[in-house]
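There are 2 protein chains.
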Amino acid sequence: MTRLVRKAACIGGGVIGGGWAARFVLSGHDVTIYDPHEEAQRKVGEVLVNAERAYAKLTMAPLPKRGRLNFAKTLEEAVADADWIQESVPERLDLKQKVHQQIDAAARPDALIGSSTSGLLPSDMQAGLRHPERMFVAHPFNPVYLLPLVELVGGAATSTQALDRAKADLAEIGMKGVAIEHEIEAFVADRLMEALWREALWLVKDGVATTGEIDDIMRYSFGLRWAQMGLFQTFQIAGGEAGMRHFLHQFGPALHWPWTKLTDVPELTEELIETIASQCDACSGELTVRDLERLRDDNLVAILQALKGGDNGRGWGAGKLLKEFEDWLWADRDERAGDLDLSGPLRLIETTVNPAWLDYNGHMTEFRYLQVLGETTDALLHLIGVDMDYVGTGGSYYTVETHIRHLGEARLGAPLYATCQVLSADEKRLHLFHRIHKGDGDAVIATGEHLLLHVEAGRAAPATASILDKLMPIAEAHARLDRPEGAGRRVGERR
Amino acid sequence: MTRLVRKAACIGGGVIGGGWAARFVLSGHDVTIYDPHEEAQRKVGEVLVNAERAYAKLTMAPLPKRGRLNFAKTLEEAVADADWIQESVPERLDLKQKVHQQIDAAARPDALIGSSTSGLLPSDMQAGLRHPERMFVAHPFNPVYLLPLVELVGGAATSTQALDRAKADLAEIGMKGVAIEHEIEAFVADRLMEALWREALWLVKDGVATTGEIDDIMRYSFGLRWAQMGLFQTFQIAGGEAGMRHFLHQFGPALHWPWTKLTDVPELTEELIETIASQCDACSGELTVRDLERLRDDNLVAILQALKGGDNGRGWGAGKLLKEFEDWLWADRDERAGDLDLSGPLRLIETTVNPAWLDYNGHMTEFRYLQVLGETTDALLHLIGVDMDYVGTGGSYYTVETHIRHLGEARLGAPLYATCQVLSADEKRLHLFHRIHKGDGDAVIATGEHLLLHVEAGRAAPATASILDKLMPIAEAHARLDRPEGAGRRVGERR
Chain A
20 MTRLVRKAAC
30 IGGGVIGGGW
40 AARFVLSGHD
50 VTIYDPHEEA
60 QRKVGEVLVN
70 AERAYAKLTM
80 APLPKRGRLN
90 FAKTLEEAVA
100 DADWIQESVP
110 ERLDLKQKVH
120 QQIDAAARPD
130 ALIGSSTSGL
140 LPSDMQAGLR
150 HPERMFVAHP
160 FNPVYLLPLV
170 ELVGGAATST
180 QALDRAKADL
190 AEIGMKGVAI
200 EHEIEAFVAD
210 RLMEALWREA
220 LWLVKDGVAT
230 TGEIDDIMRY
240 SFGLRWAQMG
250 LFQTFQIAGG
260 EAGMRHFLHQ
270 FGPALHWPWT
280 KLTDVPELTE
290 ELIETIASQC
300 DACSGELTVR
310 DLERLRDDNL
320 VAILQALKGG
330 DNGRGWGAGK
340 LLKEFEDWLW
350 ADRDERAGDL
360 DLSGPLRLIE
370 TTVNPAWLDY
380 NGHMTEFRYL
390 QVLGETTDAL
400 LHLIGVDMDY
410 VGTGGSYYTV
420 ETHIRHLGEA
430 RLGAPLYATC
440 QVLSADEKRL
450 HLFHRIHKGD
460 GDAVIATGEH
470 LLLHVEAGRA
480 APATASILDK
490 LMPIAEAHAR
500 LDRPEGAGRR
510 VGERR
Chain B
20 MTRLVRKAAC
30 IGGGVIGGGW
40 AARFVLSGHD
50 VTIYDPHEEA
60 QRKVGEVLVN
70 AERAYAKLTM
80 APLPKRGRLN
90 FAKTLEEAVA
100 DADWIQESVP
110 ERLDLKQKVH
120 QQIDAAARPD
130 ALIGSSTSGL
140 LPSDMQAGLR
150 HPERMFVAHP
160 FNPVYLLPLV
170 ELVGGAATST
180 QALDRAKADL
190 AEIGMKGVAI
200 EHEIEAFVAD
210 RLMEALWREA
220 LWLVKDGVAT
230 TGEIDDIMRY
240 SFGLRWAQMG
250 LFQTFQIAGG
260 EAGMRHFLHQ
270 FGPALHWPWT
280 KLTDVPELTE
290 ELIETIASQC
300 DACSGELTVR
310 DLERLRDDNL
320 VAILQALKGG
330 DNGRGWGAGK
340 LLKEFEDWLW
350 ADRDERAGDL
360 DLSGPLRLIE
370 TTVNPAWLDY
380 NGHMTEFRYL
390 QVLGETTDAL
400 LHLIGVDMDY
410 VGTGGSYYTV
420 ETHIRHLGEA
430 RLGAPLYATC
440 QVLSADEKRL
450 HLFHRIHKGD
460 GDAVIATGEH
470 LLLHVEAGRA
480 APATASILDK
490 LMPIAEAHAR
500 LDRPEGAGRR
510 VGERR
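Chains as they are written, first to last, in my numbering: chain A, 20 to 514; chain B, 20 to 514.
Source of the hints: derived by calculation from the structure; they are not laboratory data. Keep in mind it's a predicted model, so treat the numbers as computed, not measured.
Copies of the same chain are indistinguishable here, so a pair counts whether it falls within one copy or spans any two.
Pairs of lysine to aspartate or glutamate, DMTMM-like flavour, derived with a Cα cap of 20 Å:
no., residue 1, residue 2
1, Lys489, Glu475
2, Lys224, Glu202
3, Lys489, Asp397
4, Lys489, Glu394
5, Lys339, Asp408
6, Lys339, Glu305
7, Lys224, Glu200
8, Lys447, Glu428
9, Lys339, Asp378
10, Lys224, Glu204
Given the sequences, and given the hints that come with them, work out the whole structure.
As structure tokens, this is what we get:
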């Protein structure tokens with residue numbers, strides 16, 4: 020596993036540039052930002068705080084050590100040794116052209132250069148560059164640190180190799196690059212959104228529905244569909260067994276019905292702006308934009324995790340992407356791990372109490388403790404070589420018995436880490452003791468004692484030598500540790 | 020709590036009519052279907068199978084006893100004593116008018132009549148009826164048993180009271196009625212979808228992107244946004260701290276840019292139909308429409324459950340609606356419960372192994388067992404009066420210790436039920452033993468032993484008399500039962 024991008028440069032540090040920077044930094048890449056705006060550092064810092072908060076909930080996979088984040092004094096300094104340069108300056112062609120000429124002149128000839136533009140054509144931006152073949156549109160979606168899509172659009176001079184490299188690099192930061200064949204203004208996503216947006220503006224202007232009603236109508240119906248299957252696959256299913264051909268023949272005529280305001284766009288008068296903005300304000304009530312951002316991020320995290328379980332546990336759409344990213348992180352962690360510190364319990368999992376984990380008391384709910392404990396077991400198994408390849412051969416460990424003690428509470432956003440102590444191990448049995456700690460200190464809020472059996476095709480059987488070779492040194496080292504207080508307890512036993 | 024709808028009639032039993040029937044039946048209402056199509060029974064049966072599968076995964080709240088499903092020989096017989104009549108016949112105004120006249124003539128004058136039309140105007144359909152005031156459009160979304168939205172559109176003669184009653188009735192079957200102020204063709208949702216659909220057809224026709232790329236572009240980006248916040252709230256956040264006014268001023272000019280094909284619609288030629296249909300087929304690969312339906316339903320279930328944890332556990336959007344529906348089911352169950360059968364463990368939870376619950380071995384993963392066990396504890400607490408009102412006064416039970424044994428495996432789709440035996444109880448302590456059974460038989464695949472403490476404002480304290488009055492008779496009856504095998508075990512203890 021080789022990391023393709025090592026150093027990234029972000030030219031422009033607003034919400035989009037800051038979101039790119041957060042993606043890179045949290046995936047272990049160093050980032051240098053150039054943005055002459057006097058508030059740039061504050062703004063990027065705020066995006067990074069949101070991104071860290073979201074990532075802590077998004078995955079228990081081992082994110083690499085954070086990359087370094089620097090602010091450069093000049094554009095030239097920022098791009099000088101970067102592997103990926105991402106431009107996110109305001110949407111004016113003259114400005115973008117000037118900035119890309121500066122980048123092109125100062126960057127290494129093999130560096131990739133992406134533009135975050137949501138509508139301008141790459142051919143227009145790359146005109147006159149020395150190395151236009153490595154310049155393309157890489158259009159992301161807010162919040163960039165959570166939404167995986169990047170529209171990749173090459174200009175007339177862009178090379179296929181550059182777009183292929185870009186796709187591979189994006190996968191390393193958990194993103195999905197979709198290459199768009201033809202260069203058109205606004206590409207694909209914004210064309211689709213713009214069509215719906217224009218229609219929505221008419222509906223508000225004509226008083227058919229308020230902004231809040233339109234939002235409800237979307238999120239209680241087709242929004243739920245499109246988060247997982249998109250437009251065509253949804254309609255394909257709607258055609259029943261006869262499929263898409265039937266659907267198109269049946270609903271084709273509606274294209275000629277007066278179902279959209281096709282021929283004109285509403286004038287965005289001050290009055291219409293006021294109507295929309297005040298309807299939006301009324302819907303949000305007391306919630307600030309910052310509150311809403313966090314609610315949105317929490318919802319996106321929960322949806323992404325939900326989709327990770329899709330397709331019978333194989334992951335679906337954006338959830339499959341998350342799963343692949345996590346697999347990559349685990350493999351990468353094993354490479355990074357080097358020699359284990361066996362002088363104490365192994366620190367294996369870090370996470371944060373997620374809103375979806377709360378019970379009606381406002382605390383982390385019971386079964387989420389076992390989720391963290393189970394992830395800790397999985398992390399140990401991964402470490403001793405029980406990975407998907409091993410499971411594919413028929414071998415695995417099954418948990419047969421578990422004992423959990425709750426010693427403290429964890430509320431929303433509390434940082435947690437979990438350790439594993441091997442109590443004993445032989446060819447078949449694996450007896451573990453996990454501790455869940457709150458914060459950075461030693462406070463233990465829960466312990467888990469777990470007995471696992473090695474199985475072969477579903478029956479108890481000895482683990483292979485390759486597994487035992489990795490497990491036994493840990494078990495032998497841990498045999499010298501004190502037996503944990505609370506191990507071997509019955510439920511309700513007096514202390 | 021009084022059930023408003025007791026008997027429903029569905030006129031037309033295709034995918035939409037069958038979806039309505041499933042919603043009603045699974046929420047405990049009797050349904051009579053009239054559909055002269057010879058395959059109607061088979062088609063409705065298939066929708067009902069999908070719906071039962073999805074509901075079993077959607078919620079562990081106690082769904083009432085299924086309503087009865089009948090097929091009537093005539094429309095008149097179907098609607099005669101119905102409280103809600105839902106018409107879902109093909110989209111032809113002359114046909115709909117004829118059907119509504121028949122319904123109006125045969126129905127009770129106070130019965131509500133909804134039409135599933137996705138585009139026709141209610142004023143046109145209600146013209147000439149004896150009681151037009153109770154007729155309206157109730158436009159649902161496929162799959163009707165999972166997507167909560169119903170667009171409620173009154174015609175010129177529809178009364179406000181009818182629309183208000185409709186909203187309340189829909190809440191009882193877990194749906195969200197949104198009343199639309201003005202009667203326009205295609206209402207709101209289909210106008211929005213149609214605008215995006217027309218644009219998508221252009222993109223395919225012009226070869227800018229394939230159907231699969233467009234689906235990816237949607238589900239990796241704005242689809243994830245719209246599943247939880249809709250269009251306007253998403254854009255409101257995108258405006259940053261300056262909010263929606265700023266966003267509109269900044270992005271307003273784009274309305275006049277050539278970002279959509281505004282002025283014409285593509286001709287749906289055989290060639291274009293073939294392009295789209297074959298691209299869709301290529302994306303689905305080996306999966307049949309039936310496979311895709313189930314994947315879609317699993318994803319929707321997972322997203323709805325994910326959103327149930329939104330807004331710091333209070334529920335967000337469609338997830339909040341699910342939470343409210345579950346609260347209603349619990350309260351309704353308590354009313355239905357009557358005298359408890361205390362001659363054995365209490366059977367409290369029924370569910371089905373959900374795709375999101377599987378681990379890499381293809382079995383129900385560890386922490387999901389504790390989820391079922393925890394829901395069983397919650398169901399007992401609910402039964403003895405520990406509800407949200409009680410928690411609001413500061414009282415609650417906290418779990419302090421848990422012991423789980425895994426005795427068997429559960430694979431995808433396995434039906435499960437869980438029982439609770441009270442081992443002992445006093446003013447503060449509650450010692451429980453749960454069993455998770457697979458299938459309808461006695462096979463126990465897991466047990467859970469749980470010690471809970473009653474707390475008052477976070478500190479151990481006696482439960483109130485009202486709680487103990489309900490708890491103690493159960494504890495006394497269960498004291499006469501055999502002590503369960505496996506209670507009081509240490510992890511790894513020999514049998």
